[in-house]
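K.L.:
Given next are the chains, with one letter for each unit.
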Amino acid sequence: MATTKLGFVVQRPGYKSENPKLALTHAIASQSVEIYLKDGDIVTADIAFIGDGVLNCLKDQKAVENYDLNSTESHIKMSLLLDLNVLICREDLDRFGLTESDIVIDAPEFGADMEVKVVPYAEITKMMEDQDHLLFF
Amino acid sequence: MGKLTIGCFASLVGSTNLDFAVKLSAAAMEKGHKVDLWVSGNGTMISIKDQRAFKDYSSLEKPLKELMAKGLNVTACEACAESRGYHADHTLEGVKRFSMDWYLGSAFDADRLLHIGGE
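As they're listed, the protein sequences go chains G and Y. Just so we're aligned, residue 1 is where the first sequence starts under my numbering, counting upward by one. Just so we're aligned, residue 1001 is where the second sequence starts under my numbering, counting upward by one.
Heads up, some of the hints might be wrong.
Claimed, not checked - Straight-line C-alpha distance at most 20 Å; calculated EDC-like pairs for lysine to aspartate or glutamate:
{"hint": "1", "chain 1": "Y", "residue 1": "K1003", "chain 2": "G", "residue 2": "D106"}
{"hint": "2", "chain 1": "G", "residue 1": "K38", "chain 2": "Y", "residue 2": "E1082"}
{"hint": "3", "chain 1": "Y", "residue 1": "K1096", "chain 2": "Y", "residue 2": "E1082"}
{"hint": "4", "chain 1": "Y", "residue 1": "K1034", "chain 2": "G", "residue 2": "E115"}
{"hint": "5", "chain 1": "G", "residue 1": "K38", "chain 2": "Y", "residue 2": "D1111"}
{"hint": "6", "chain 1": "G", "residue 1": "K5", "chain 2": "Y", "residue 2": "D1111"}
{"hint": "7", "chain 1": "G", "residue 1": "K38", "chain 2": "Y", "residue 2": "D1109"}
{"hint": "8", "chain 1": "G", "residue 1": "K126", "chain 2": "G", "residue 2": "E115"}
{"hint": "9", "chain 1": "Y", "residue 1": "K1096", "chain 2": "G", "residue 2": "E34"}
{"hint": "10", "chain 1": "G", "residue 1": "K5", "chain 2": "Y", "residue 2": "D1101"}
{"hint": "11", "chain 1": "G", "residue 1": "K5", "chain 2": "Y", "residue 2": "E1119"}
{"hint": "12", "chain 1": "G", "residue 1": "K126", "chain 2": "G", "residue 2": "D92"}
{"hint": "13", "chain 1": "Y", "residue 1": "K1003", "chain 2": "G", "residue 2": "D92"}
{"hint": "14", "chain 1": "G", "residue 1": "K62", "chain 2": "G", "residue 2": "D106"}
{"hint": "15", "chain 1": "G", "residue 1": "K16", "chain 2": "Y", "residue 2": "E1119"}
Unchecked claim - Across the chosen pairs, the derived CB separations fall in these ranges:
{"hint": "16", "chain 1": "G", "residue 1": "E115", "chain 2": "Y", "residue 2": "F1054", "range": "34 to 44 Å"}
{"hint": "17", "chain 1": "Y", "residue 1": "D1111", "chain 2": "G", "residue 2": "G51", "range": "24 to 34 Å"}
{"hint": "18", "chain 1": "G", "residue 1": "P120", "chain 2": "Y", "residue 2": "G1071", "range": "38 to 48 Å"}
{"hint": "19", "chain 1": "G", "residue 1": "T99", "chain 2": "Y", "residue 2": "G1014", "range": "30 to 40 Å"}
{"hint": "20", "chain 1": "Y", "residue 1": "A1069", "chain 2": "G", "residue 2": "D106", "range": "47 to 57 Å"}
{"hint": "21", "chain 1": "G", "residue 1": "K62", "chain 2": "Y", "residue 2": "A1069", "range": "28 to 38 Å"}
{"hint": "22", "chain 1": "Y", "residue 1": "H1087", "chain 2": "G", "residue 2": "L82", "range": "24 to 34 Å"}
{"hint": "23", "chain 1": "Y", "residue 1": "T1016", "chain 2": "G", "residue 2": "Y121", "range": "42 to 52 Å"}
{"hint": "24", "chain 1": "Y", "residue 1": "T1016", "chain 2": "G", "residue 2": "D39", "range": "21 to 31 Å"}
{"hint": "25", "chain 1": "G", "residue 1": "G51", "chain 2": "Y", "residue 2": "D1089", "range": "35 to 45 Å"}
{"hint": "26", "chain 1": "G", "residue 1": "T3", "chain 2": "Y", "residue 2": "K1031", "range": "24 to 34 Å"}
{"hint": "27", "chain 1": "Y", "residue 1": "G1002", "chain 2": "G", "residue 2": "I42", "range": "16 to 26 Å"}
As the list claims (entries may be wrong) - Residues from chain Y that face chain G, not an exhaustive set, calculated with beta carbons under 10 Å:
{"hint": "28", "residue": "S1040"}
{"hint": "29", "residue": "D1050"}
{"hint": "30", "residue": "F1054"}
{"hint": "31", "residue": "C1080"}
{"hint": "32", "residue": "A1088"}
{"hint": "33", "residue": "T1091"}
{"hint": "34", "residue": "E1093"}
{"hint": "35", "residue": "G1094"}
{"hint": "36", "residue": "F1098"}
{"hint": "37", "residue": "D1101"}
{"hint": "38", "residue": "W1102"}
{"hint": "39", "residue": "L1104"}
FYI, nobody ran anything at the bench for these hints, they're computed from the structure. All C-beta atoms, glycine included, are put in the ideal place defined by N, C-alpha and C.
Using the sequences and the accompanying hints, generate a full structural model.
P.N.:
Below, the structure written as structure tokens:
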């Protein structure tokens, strides 16, 4: 039995490129990776939004209305439903004048128990140090 | 010898990131390492066969075929490819198509993971 920890670090804003959504869909794929592994082996995914990437976490995104696309917000909520650890950099939120009331925090409508954690960058650094591999999007 | 997993999300035409990924794969294999190359997003463009080679655009079909013959494992994100109209019947022989969990499965036992994001 072994565990490989992957850290997905999102540093680009949403919708300008495909990167943030691909980060989330790849992280969510950690829930179905077992088909490629031996019994008991797992891959975990932690997600961190930093820099301009924190803009992905704004709530009430209108992607369906404007683009007929699933929103990045809905992918964050799906990540919470799947109990993925989602961190958002507090300093970068401050830089944009955003507070916790502006961003996705939880997803009760999805049935998720997990909540997004707004943390200092130092805590995101700690998370990254704990990973086996980092993927920057 | 080790295992290197490379994920490349950048387009074949419009950047030289895939060129770099293929050259790095060749260098690693030359040293005896096993290499998995995952392409996702615009990177799936590399999986299409019969692309015409111009000197002004990257063209990797020939080196990719040579490396796959030597054991390079290339897999394209099926959803990313299909969304771009890159269908299975037009996929370069030897390139596999799976869902995103394949990349994470490859990362599981990789000694090093090099992730090259998209544009």
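K.L.:
Falls inside 28 to 38 Å, the C-beta gap from K62/G to A1069/Y?
P.N.:
49 Å, violated
K.L.:
At a threshold of 10 Å, is the proposed contact between L1104/Y and chain G supported by beta-carbon distances?
P.N.:
4 Å, holds
K.L.:
Starting from the range 34 to 44 Å, see whether the pair E115/G and F1054/Y falls in it by beta-carbon distance.
P.N.:
51 Å, violated
K.L.:
Go through the hint on G1094/Y and say holds or violated, using the shortest Cβ distance to chain G against 10 Å.
P.N.:
19 Å, violated
K.L.:
With respect to the beta-carbon atoms only, verify the hint that A1069/Y and D106/G lie 47 to 57 Å apart.
P.N.:
51 Å, holds
K.L.:
Does K1034/Y pair with E115/G here, judged by a C-alpha cut-off of 20 Å?
P.N.:
Violated, at about 39 Å.
K.L.:
Between K1003/Y and D92/G, is the straight-line Cα distance small enough, at 20 Å or below?
P.N.:
Answer violated: K1003/Y to D92/G is near 36 Å, above 20 Å.
K.L.:
Is the hinted range of 38 to 48 Å satisfied by the C-beta distance from P120/G to G1071/Y?
P.N.:
45 Å, holds
K.L.:
Measure nothing beyond the straight line between the CA atoms of K62/G and D106/G; if it is 20 Å or shorter, mark the hint as holding.
P.N.:
18 Å, holds
K.L.:
Can A1088/Y be said to touch chain G, with a Cβ gap under 10 Å?
P.N.:
20 Å, violated
K.L.:
The hint says 42 to 52 Å between T1016/Y and Y121/G; measuring C-beta to C-beta, is that right?
P.N.:
32 Å, violated
K.L.:
Are the Cα atoms of K16/G and E1119/Y separated by 20 Å or less?
P.N.:
10 Å, holds
Of the numbered hints listed earlier, those contradicted by the structure are 1, 2, 4, 11, 13, 16, 21, 23, 24, 29, 30, 32, 33, 34 and 35.
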